[in-house]
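*Asks:* For the record, the sequence lines run as chains A and G. Note that the first sequence covers residues 20 to 347 in our numbering. Note that the second sequence covers residues 2 to 286 in our numbering.
In short, the hints are calculated from the structure, not lab data. Hints are supplied without guarantee of correctness; some may be wrong.
What the hints assert, rightly or not - A short list of chain A residues far from chain G (calculated; beta carbon distances all over 12 Å):
id: 1; residue: 95
id: 2; residue: 130
id: 3; residue: 318
As the list claims (entries may be wrong) - For each label pair, taking beta carbons as the anchor points, the in silico distance ranges come out as:
id: 4; chain 1: G; residue 1: 260; chain 2: A; residue 2: 227; range: 50 to 58 Å
id: 5; chain 1: G; residue 1: 276; chain 2: A; residue 2: 101; range: 16 to 24 Å
id: 6; chain 1: G; residue 1: 19; chain 2: A; residue 2: 71; range: 32 to 40 Å
id: 7; chain 1: G; residue 1: 76; chain 2: A; residue 2: 38; range: 55 to 63 Å
id: 8; chain 1: G; residue 1: 100; chain 2: A; residue 2: 227; range: 30 to 38 Å
id: 9; chain 1: G; residue 1: 276; chain 2: A; residue 2: 44; range: 28 to 36 Å
id: 10; chain 1: G; residue 1: 52; chain 2: A; residue 2: 71; range: 54 to 62 Å
Where a beta carbon is used, it is the ideal one built from N, C-alpha and C, also for glycine.
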Amino acid sequence: MIDDNAAVSVDALRKAFQVPVREAGVAAAIKSLVHREHREVVAVHEVTFSIAPGEIVGFLGPNGAGKTTTLKMLSGLLHPTAGAVRVLGHEPWRRERDYLRRMTLVMGNRNQLQWDLPALDSFELTRAIYRLPEALFIAQRDELVDLLELGSLVNKPVRNLSLGERMKAEIANSLLHRPEILFLDEPTLGLDVPMQRRIRSFLADYNLRHGASIMLTTHYMADVEALCERVIVIHHGSILFDGPLSVLAQQFAGHKTLVVTLDEPADLSRYGEVVESSPTRTTLRIARDQTAAVTARLLSEFSVRDLTVEDPPIDDVIELAFASGTPT
Amino acid sequence: MTHTVVVAPRDTIAREGAVRSYLRLYATLARTSIMLGFQYRVSNYFYMIGMIAEPVVYLVVWSTIARGQGGDIGGYTPGTFAAYYIVWTLVRNMNIVFTPFGWEQRIREGELSGHLARPMHPIHYDLGSFAGWKVVVIVMWLPIAAVLSLVFHPSLDPSLAQVATFAVAIWGAYLIRSMFLWMLGMITIWTTRVSAIFEAFFAAELLLSGRLLPVSLMPEWTQTLASFLPFESTFGFPITALVGPITGRELVTGLVLQMVWIAIGVGGVQVMWRRAIRAYTAVNG
Chain A
20 MIDDNAAVSV DALRKAFQVP VREAGVAAAI KSLVHREHRE VVAVHEVTFS IAPGEIVGFL
80 GPNGAGKTTT LKMLSGLLHP TAGAVRVLGH EPWRRERDYL RRMTLVMGNR NQLQWDLPAL
140 DSFELTRAIY RLPEALFIAQ RDELVDLLEL GSLVNKPVRN LSLGERMKAE IANSLLHRPE
200 ILFLDEPTLG LDVPMQRRIR SFLADYNLRH GASIMLTTHY MADVEALCER VIVIHHGSIL
260 FDGPLSVLAQ QFAGHKTLVV TLDEPADLSR YGEVVESSPT RTTLRIARDQ TAAVTARLLS
320 EFSVRDLTVE DPPIDDVIEL AFASGTPT
Chain G
2 MTHTVVVAPR DTIAREGAVR SYLRLYATLA RTSIMLGFQY RVSNYFYMIG MIAEPVVYLV
62 VWSTIARGQG GDIGGYTPGT FAAYYIVWTL VRNMNIVFTP FGWEQRIREG ELSGHLARPM
122 HPIHYDLGSF AGWKVVVIVM WLPIAAVLSL VFHPSLDPSL AQVATFAVAI WGAYLIRSMF
182 LWMLGMITIW TTRVSAIFEA FFAAELLLSG RLLPVSLMPE WTQTLASFLP FESTFGFPIT
242 ALVGPITGRE LVTGLVLQMV WIAIGVGGVQ VMWRRAIRAY TAVNG
């Protein structure tokens with residue numbers, strides 16, 4: 020059911036591709052001249068979700084899960100095979116200019132900037148394409164150059180910039196028209212950790228300043244933890260999970276990690292699965308519903324110097340989700 | 002089912018008419034292209050010099066044949082052949098548009114997806130960019146034309162009407178070729194095994210456009226066939242418009258025919274684009 024109040028509303032969205040298939044060998048090659056066989060590959064299967072205005076959502080999944088295909092349908096690049104989509108009240112596949120002016124699609128491994136010219140020249144081109152009024156263009160350009168700490172880098176030919184500098188300039192270029200929704204496909208791909216952090220903090224800031232909705236695909240869980248309260252996990256084209264990041268671990272990881280440091284060495288293997296052990300410090304994996312009881316027993320039976328209970332790292336949770344295929 | 006479409010806040014779009022915004026877009030695209038063209042002026046120059054080999058070969062061959070046949074072939078003397086092929090070099094450069102062979106890379110590298118994510122039909126990008134490059138081409142062509150003129154002594158005495166028609170016709174040729182090669186390139190969206198089709202198109206163009214030799218020197222059936230195809234409007238007509246012999250009526254007819262081919266090209270691109278965009282899979286980009 021389409022929600023007209025949502026920034027993004029997707030109902031039973033499906034995308035299937037017809038892929039030519041042919042067996043190896045000369046006979047098959049000759050046969051394919053007169054009779055080409057095709058196989059249907061379903062990239063996105065009956066996906067339903069919505070995103071509220073101003074919300075940041077992490078869209079996670081392994082390679083080939085259907086993330087980028089979904090983003091391309093939401094941004095009007097691909098025509099859905101079935102289902103309904105509304106983004107900012109528009110059906111993206113109609114490719115109305117009013118819609119394309121209000122959204123942006125940033126793909127971490129693609130670029131829009133002119134390679135041999137300074138980014139400022141590409142910004143001018145973007146201004147002409149989006150028909151931006153001069154005052155808005157200058158204000159937005161200066162704000163983005165400032166927030167992304169681009170400084171004089173925008174005067175250098177893009178080919179002379181480092182990968183991180185180029186990505187920052189790409190992001191600036193794609194936000195000059197002040198989009199209300201951002202589809203970001205691995206925006207921190209290949210960047211070093213400080214640059215990833217800078218881009219994350221910029222995105223959070225942009226979201227706050229302009230109330231833009233952001234849908235983000237990434238393989239870096241640090242991006243998700245820093246930006247997204249909510250995640251959608253997609254696998255084999257279907258949604259495995261849609262909810263708060265904090266609930267993801269509960270749903271997919273049936274255990275918690277308990278790290279206990281004792282005053283005296285002791286064998287704690289009867290309390291849970293020992294993951295790591297040194298004479299006084301032990302890391303245990305414990306069934307989620309046993310956590311309280313085990314913690315109480317340890318505290319009462321041993322002289323405990325320190326004890327922490329943690330959800331497993333988000334990378335592990337995601338891996339478990341992909342491996343399980345269905346929520347636990 | 003009805004749904005609410007919330008229009009973009011007005012302050013994000015310049016308050017100007019569509020024509021003015023397109024003029025601004027084309028001016029910016031052309032400016033960008035001119036900057037790129039002059040940045041790579043040396044490689045562009047070598048590219049243009051390399052391109053001269055083809056018409057010089059035609060010129061030498063046909064001039065030699067003309068001399069051997071008593072001074073002319075079908076009214077073309079070595080001097081008019083020289084004029085024909087020197088003007089050819091400019092028309093050929095004006096005719097360079099986005100190649101259909103480039104579509105495969107455009108799709109594979111994700112460039113087409115980048116274009117599609119913007120509120121502009123990608124053909125404007127190509128038209129504006131290549132139009133800007135023409136400015137660079139014309140500036141660079143002038144000394145080449147001067148050298149060729151010194152060597153081959155062209156007979157060229159156009160009227161004002163011929164010069165004016167030529168100035169319009171080279172842009173008409175540019176638009177026709179852009180549209181038809183765009184349609185050809187778009188086939189790549191359905192199948193990547195299209196190079197044979199491209200080659201067949203270019204072979205037909207070579208024979209029926211006036212690129213290889215003036216169409217008036219071809220057999221009559223070939224001239225009849227050429228009159229039903231767009232190729233002559235992109236090569237033979239602009240060259241003959243300047244070099245002659247041509248009547249005032251033929252100048253007007255040639256321009257009208259160019260407009261017809263532009264209209265067919267624009268219509269064809271629109272129809273094909275609507276289908277192509279539905280078939281586009283963007284698998285790699």
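*Asks:* Work down the list of hints and note, for each, if the structure agrees.
*Replies:* Against the structure, the hints come out as follows:
1. Non-interface status of residue 95 of chain A relative to chain G is broken: a Cβ of that chain comes within 12 Å, the nearest being about 7 Å off.
2. A Cβ of chain G approaches the Cβ of residue 130 of chain A within 12 Å, the least distance being about 8 Å, so the stated non-interface status is violated.
3. No beta-carbon of chain G comes within 12 Å of the beta-carbon of residue 318 of chain A; the shortest separation is about 56 Å.
4. In this structure the hint that residue 260 of chain G and residue 227 of chain A lie 50 to 58 Å apart at CB holds, the actual value being about 54 Å.
5. One distance hint, 16 to 24 Å for the beta-carbon pair residue 276 of chain G and residue 101 of chain A, holds here, with the actual separation near 19 Å.
6. For residue 19 of chain G paired with residue 71 of chain A, a C-beta distance near 34 Å keeps the hint of 32 to 40 Å intact.
7. For the hinted restraint 55 to 63 Å between residue 76 of chain G and residue 38 of chain A, the CB-CB distance of approximately 58 Å keeps it satisfied.
8. Between residue 100 of chain G and residue 227 of chain A the Cβ separation comes to about 46 Å, which falls outside the hinted range of 30 to 38 Å.
9. Our hint of 28 to 36 Å for residue 276 of chain G and residue 44 of chain A holds, since their Cβ atoms are close to 34 Å apart.
10. Separation of residue 52 of chain G from residue 71 of chain A is about 58 Å and conforms to the stated range, judged on CB atoms against 54 to 62 Å.
Of the numbered hints given earlier, the model fails hints 1, 2 and 8; all others are met.
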